[in-house]
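Chemist: Given next are the chains, with one letter for each unit.
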Amino acid sequence: MTFTSWQFGAFVAIIFAVYYLPPCKSLQVQLLVVGSLFFYGYGQPELLPLLAVAVLGTYLFLILALRNRPLWLPIGIGFNLLLLAFFKYKFLFIGPRSTGATGLAPIDFLLQLPLPIGISFFVFHNISLLVDLTGKRNDPPDLKSVFLYIIFFPQLVSGPITRAEMFMPQIQPKYFSDIPFVEAAKWILSGFFFKLYVANNLNEMTSYMDFPLYETLRTQDRWLLVFLYSYQIYADFFGYSAIAIGLALLFGYRLPINFNLPYISVSFSEFWTRWHISLSSWLRTYLYVPLGGNRHGELRTYLNLMIVMGLGGLWHGAGLGFLLWGLLHGALLVIERPFLARLALIDSAAFRATRVGFVFVCVTMLWIFFKLPNFDHAISYLSGMFTSSTNPNPPKLFYNLACLYSLPVMIQHLVSRSRFEKTLGGTEPYLYGLMAALMYLEAGPETSFIYFQF
Amino acid sequence: MQPKSAVRWFAKCGFSAGLLLLACGVATAWFGNGPQLPSTTTRDGTLITLNRYAREPIPDVVLVGSSLTFRLKEEYFTTHRLRNLALAGGSPVTGLEVVASQPRLPKIILVETNVLSRSTDAALVARYSRADNAKPLFFRPIRTAVAAYEDRLHAPLNHAQVSSSLRQLLEQPPSDFDNRIYVDRALEQWNAEDPTGAVQANVVRIEQLIPEIERKGARVLLFELPCSAQLEASRSAKITREIVRTAFPRPDRWLHIDYARGELRWADGVHLDQRSAVIITQSIDRALASLPGSP
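Quick mapping for you: the protein sequence lines, in order, are chains C and L. Each residue of the first sequence is one higher than the one before, starting from 1 at the first, in our numbering. Each residue of the second sequence is one higher than the one before, starting from 1 at the first, in our numbering.
Nothing false has been slipped in among the hints.
Listed below are the simulated BS3-like cross-link pairs for lysine-lysine, each with C-alpha atoms no more than 30 angstroms apart in a straight line:
no. : chain 1 : residue 1 : chain 2 : residue 2
1   : L       : Lys107    : L       : Lys216
2   : L       : Lys12     : C       : Lys174
3   : L       : Lys107    : L       : Lys73
4   : C       : Lys88     : C       : Lys144
5   : C       : Lys25     : L       : Lys4
6   : C       : Lys422    : L       : Lys4
7   : C       : Lys396    : L       : Lys73
8   : L       : Lys4      : C       : Lys174
Ranges between beta-carbon positions, derived for each pair:
no. : chain 1 : residue 1 : chain 2 : residue 2 : range
9   : C       : Thr390    : L       : Arg241    : 28 to 36 angstroms
10  : L       : Phe10     : C       : Trp6      : 15 to 23 angstroms
11  : C       : Met365    : L       : Val162    : 35 to 43 angstroms
Just so you know, these hints were derived from the structure itself, not from any lab. Where a beta carbon is used, it is the ideal one built from N, C-alpha and C, also for glycine.
Work the whole structure out from these sequences, hints included.
Modeler: Here it is in structure tokens:
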């Protein structure tokens, strides 16, 4: 059940209608838990037991770690990392269709299970729960609250990755009169607009980046498509996150902002404070800082950055391409670090624009490893960007359509928010109305959210 | 935000959304689907081809085929009222099903038999077999605007407009483009697949459709486009040819096209290049003109 399907719309409408009914006041959390289980099981019912094991196991380790943190916290974290490693990386060692690999039916059954949707996200929620709650010596939360925190349906599949210490205090009775309807509507409309109008339409063009279609492209079109993919992946993931934030608001929960105009970053370190913010802050809190952060000298800091970014890359998928993507981002962070203070002293709009452009181009080029996880294909695509094409029948791409579908991302990034809101004045609701109509009229062909695969 | 102002916000939002939808709905009712939308994918191109066929007067001659036939552009032909319904990435049987489902049929339907390993696109056939096909409630404003602009820049050409450039093209020698990499890759693929089941199913369907079509007064002729010598000797091509020729042994079921084979080139290993496509269209023109009862 994807966010863009009518089934999901009906599902949300039913849950929302029941959620605020006076007789259900005391059952709001249970209702969201049951609804979230239905949402998850709708696509992959065979994986519901896995979700239950992950949540119940984490809850058990939470109770134990509250009694003896030094012993049970590492075991609880290890349990979750094992789950993630098993499901995410098992296909590195066995083929997706291999049967009877071990001869033991239960193990073979587990080996045959597909990658559970959202496992990368709910495992991180589990770890956050264990670390945050055991660090404060609180009383253990009840099981239904733990379930809700981990499997709350707007964030279950692709985040934002919410920290337990931020979410758990929000679990309390919710009232219809407290719903920020307009704010929720703005998030939901923006999200659907960016997904349906921008990302899905751009996906039609960027599908030419797939192997072997990219071999037919002209050199200039290879360049164009990389930039279009950069806009697409932003619109796709920003869209998902915005819908999740808006939906959560309807049920009285505030999820963290996941994107803050990442493509106007002047440095790579700034980019990671603006792109997939919930993941980068999770990695900083639960990996970079425990590794020592920047507290043990320059060399150790660089090593920590490389480790965090390399693992961050692998978190996206079991492939050399993802690892390389993470390591290259790590290398860029390491290279720029000694110069950041000096660069910040140069007060010039032109210099700032140059830095923004440089960071954007570098980040965009690295998306090739995301689009083409097969390392050979990525290198082949990349090398084709610097050699002239010989194909006599290249596909025709409509540059005007590409521009019109990318425009919302460009406007969002290039026009300052305060100026934009000032210009809009009282016309803001009309703009959202036009966006709503356009996302219906101009919706591109249905494609799943890119981050669903992670 | 106060409840009243929230209601006002939603009213304004709904008003502008409704206004744009209404405008597009009225424009669609008034002008129809408007200009053909530019295609960015093969599927788009297929829809454009079929939308045009459903909307415009029935031609005299129709070609149905795969991407091999797709390369034979309509403006290359001197035969009037000819329409190429070949679907890049699709099966010739899909086009034949769509044509057969229409109430009125062209006089001659030419069916390519090279690629019969793909199954029929049932969704596409169902869509164009309905009386209300391809009539959306609203057109897409951005795409329509771009389509109008592109149509203005690149209006469809007819044979008279391109005949001199085609003549110049034919005066040039055949291309010396080295296509070995592409041929090897295609050969690997064509040797790997065993199309027997799919080809047999498609041939059976063609056998069923031919009498249905010919009862309505149209004539169905099969034709085979030339491929490079390596591909013609591939496993897939040999199996396909054998099944088709066994099913349709009578010579009068075939359109015989003559061409100088040495003049033909396949730049990407599989599809005719532009000069070769022109050579083949000329031979099809000659073959059509030599048919009994041709104008």
